[in-house]
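The residues making up each chain are set out below.
There are 2 protein chains.
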Amino acid sequence: MRITKEAKKKTEYKILRAAEKLFTKEGYKETTTRRIAVEAGIAAGTLFNYFPSKETLAMSLLAEKLALGREDFTRRLTSEESLSEDLFLLITSELRRLRPFRSFVAPVLETTMSPFPKENSCPAGQDSRAAHLDMVQKIIHNHGLSNIPEHISTTLYWSLYLGILAFWSSDTSRNQEETLALVDYSINVFTRTISDTSL
Amino acid sequence: MRITKEAKKKTEYKILRAAEKLFTKEGYKETTTRRIAVEAGIAAGTLFNYFPSKETLAMSLLAEKLALGREDFTRRLTSEESLSEDLFLLITSELRRLRPFRSFVAPVLETTMSPFPKENSCPAGQDSRAAHLDMVQKIIHNHGLSNIPEHISTTLYWSLYLGILAFWSSDTSRNQEETLALVDYSINVFTRTISDTSL
DNA sequence: AAATTAAAATGAGCGTGCTCATTTTTTTAT
DNA sequence: ATAAAAAAATGAGCACGCTCATTTTAATTT
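Protein chains in written order, with the working numbering: chain C, 1 to 199; chain Z, 1 to 199.
Hints listed in this document are in silico derivations from the structure and should not be mistaken for laboratory results. Mixed in with the good hints, there may be bad ones.
If several chains are the same, the list does not tell them apart, and a pair holds so long as it fits within one copy or across any two.
Once the Cα atoms are required to be at most 20 Å apart in a straight line, the calculated SDA-like pairs of lysine to any residue come out as [what the hints assert, rightly or not]:
{"id": "1", "residue 1": "LYS54", "residue 2": "VAL136"}
{"id": "2", "residue 1": "LYS29", "residue 2": "PRO107"}
{"id": "3", "residue 1": "LYS54", "residue 2": "ILE152"}
{"id": "4", "residue 1": "LYS29", "residue 2": "GLU55"}
{"id": "5", "residue 1": "LYS14", "residue 2": "SER195"}
{"id": "6", "residue 1": "LYS65", "residue 2": "GLY144"}
{"id": "7", "residue 1": "LYS9", "residue 2": "GLU150"}
{"id": "8", "residue 1": "LYS10", "residue 2": "GLY69"}
{"id": "9", "residue 1": "LYS14", "residue 2": "GLN176"}
{"id": "10", "residue 1": "LYS14", "residue 2": "THR193"}
{"id": "11", "residue 1": "LYS10", "residue 2": "LYS21"}
{"id": "12", "residue 1": "LYS29", "residue 2": "PRO52"}
{"id": "13", "residue 1": "LYS65", "residue 2": "ALA44"}
{"id": "14", "residue 1": "LYS54", "residue 2": "ARG17"}
{"id": "15", "residue 1": "LYS9", "residue 2": "SER84"}
{"id": "16", "residue 1": "LYS138", "residue 2": "SER170"}
{"id": "17", "residue 1": "LYS14", "residue 2": "THR78"}
{"id": "18", "residue 1": "LYS29", "residue 2": "SER53"}
{"id": "19", "residue 1": "LYS54", "residue 2": "GLU30"}
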């Protein structure tokens with residue numbers, strides 16, 4: 001039983017690695033699920049025993065990278081930065097890990113990390129959303145802000161966050177400075193909003 | 001020559017009406033382009049002489065409705081409301097017209113009205129974006145705000161706007177009160193931002 | 001009004017994501 | 001060990017969006 005489970009995990013891993021290789025080399029749209037299957041050494045249909053759709057597979061891959069970005073963040077974290085600086089570091093750490101997949105980040109993330117779970121839900125996307133928001137909550141809490149964001153300001157944050165990702169995904173400025181400016185700006189808007197009791 | 005052009009427009013119109021009927025009755029995903037062609041009384045391939053993709057067709061349909069919403073807005077507009085109230089009216093006017101197409105608003109709009117034009121651009125989506133932002137500029141100008149939003153605050157606005165659409169598209173609360181609350185909140189965040197010179 | 005050119009419509013066919021009945025492999029029971 | 005049951009892999013085949021060589025229709029020229 002353990003062997004099987006490990007084998008299963010291993011197949012899933014093989015598919016993810018094959019997808020990663022092909023998506024980055026050939027592009028998302030250009031890579032067929034059949035090609036991924038060949039690269040992973042499995043039959044075409046087997047892929048869909050592990051990922052219900054090509055999009056879900058892509059999202060799982062991105063979720064992996066986002067999680068790595070968050071790990072980078074916690075590793076680099078010091079206790080001497082401001083709330084805004086911490087949020088800035090969180091987002092840029094994620095972006096750095098997403099870099100190789102920039103071309104299909106927008107279409108995939110926007111449909112799978114939508115503000116509210118849909119019928120054709122993608123668990124990987126929803127989990128990723130939850131994990132990111134948890135991190136944000138933790139950061140805010142660490143900075144002693146009792147005003148924990150509730151439903152509506154979380155939605156606001158998420159809009160800003162997705163906006164950043166969308167902008168970044170087609171930002172052609174050198175080193176994406178424009179994105180960095182937007183991140184800075186968005187975070188300012190957000191932190192001002194949550195620390196303003198009049199809203 | 002005139003006859004042909006009118007005929008062409010008429011065919012485009014027939015396709016749009018067929019798509020409108022089927023999308024609302026059967027759903028976006030469920031409606032095949034072949035079925036739309038039959039309903040419009042044309043061959044399957046002809047549809048693609050008018051709209052390069054199913055998604056573009058859907059976006060053109062939504063763009064039509066958004067424009068109607070904006071017309072409703074200008075009609076209802078009085079000169080006695082505040083900036084926030086005007087923006088609120090603009091957005092809710094659009095939402096009212098989009099209502100029947102709610103189920104596929106998010107996936108279509110998010111990919112075709114992305115913050116920045118892509119390679120596989122959809123003119124209908126970009127035009128719609130421009131028209132909406134023009135309207136917003138006009139409203140702000142009418143309220144005597146010299147602080148015309150430049151690049152970055154326009155991006156901020158657009159993030160908030162898309163966030164609202166995404167939220168609304170899966171808002172199950174009666175009469176979408178939650179969306180109205182979010183619209184109100186988002187507009188407040190935006191107006192405060194553009195009238196704050198410290199940012 | 002016949003001939004020539006241009007524009008538009010057509011539908012057979014392609015490649016894709018994905019399904020599902022069948023086969024193969026693994027686990028459990030005897 | 002053998003048989004029965006459960007789990008996983010398989011690949012032929014489907015339906016879809018979309019393409020494109022060909023045909024049909026309309027506009028222009030002679």
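Evaluation of the provided hints:
1. Neither within a single protomer nor between protomers do LYS54 and VAL136 lie at most 20 Å apart by alpha-carbon distance, with minima of 29 Å and 38 Å respectively.
2. Both within a single protomer and between protomers do LYS29 and PRO107 lie at most 20 Å apart by alpha-carbon distance, with minima of 11 Å and 17 Å respectively.
3. For the identical chains of this complex, LYS54 and ILE152 are neighbours neither inside a copy (32 Å) nor across copies (34 Å), given an alpha-carbon limit of 20 Å.
4. Taking CA atoms no more than 20 Å apart as the test, LYS29 paired with GLU55 passes in both settings, with 10 Å inside one copy and 15 Å between copies.
5. In this assembly of identical chains, the alpha carbons of LYS14 and SER195 never lie at most 20 Å apart, being 46 Å within a copy and 53 Å across copies at closest.
6. Within a single copy, LYS65 and GLY144 get their C-alpha atoms no closer than 29 Å, and across copies no closer than 46 Å, so neither meets the 20 Å cut-off.
7. In this assembly of identical chains, LYS9 and GLU150 lie within 20 Å of each other by CA distance neither inside one copy nor across copies; the values are 37 Å within and 50 Å between.
8. Taking the shortest alpha-carbon separations for LYS10 and GLY69, neither the intra-copy value of 23 Å nor the inter-copy value of 52 Å comes in at or below 20 Å.
9. When the C-alpha separation of LYS14 and GLN176 is checked against a cutoff of 20 Å, the pair qualifies neither within a copy, at 32 Å, nor between copies, at 44 Å.
10. With identical chains, the CA atoms of LYS14 and THR193 are never at most 20 Å apart, being 44 Å at best within one copy and 48 Å at best between copies.
11. In the homo-oligomer, the alpha carbons of LYS10 and LYS21 lie at most 20 Å apart inside one protomer (16 Å), although the nearest pairing across protomers, at 47 Å, exceeds that limit.
12. In this homomeric assembly, LYS29 and PRO52 come within 20 Å of each other (Cα to Cα) both inside a single copy, at 17 Å, and across copies, at 17 Å.
13. Neither within a single protomer nor between protomers do LYS65 and ALA44 lie at most 20 Å apart by alpha-carbon distance, with minima of 25 Å and 41 Å respectively.
14. In this assembly of identical chains, LYS54 and ARG17 lie within 20 Å of each other by CA distance solely inside one copy; the values are 14 Å within and 32 Å between copies.
15. Taking CA atoms no more than 20 Å apart as the test, LYS9 paired with SER84 passes in neither setting, with 38 Å inside one copy and 53 Å between copies.
16. For the identical chains of this complex, LYS138 and SER170 are neighbours neither inside a copy (30 Å) nor across copies (27 Å), given an alpha-carbon limit of 20 Å.
17. Taking the closest pair of Cα atoms, LYS14 and THR78 never come within 20 Å of each other, the shortest separation being 36 Å inside a single copy and 62 Å across copies.
18. When the C-alpha separation of LYS29 and SER53 is checked against a cutoff of 20 Å, the pair qualifies both within a copy, at 13 Å, and between copies, at 15 Å.
19. Both within a single protomer and between protomers do LYS54 and GLU30 lie at most 20 Å apart by alpha-carbon distance, with minima of 12 Å and 19 Å respectively.
In this structure, the hints that do not hold are numbers 1, 3, 5, 6, 7, 8, 9, 10, 13, 15, 16, 17, in rising order.
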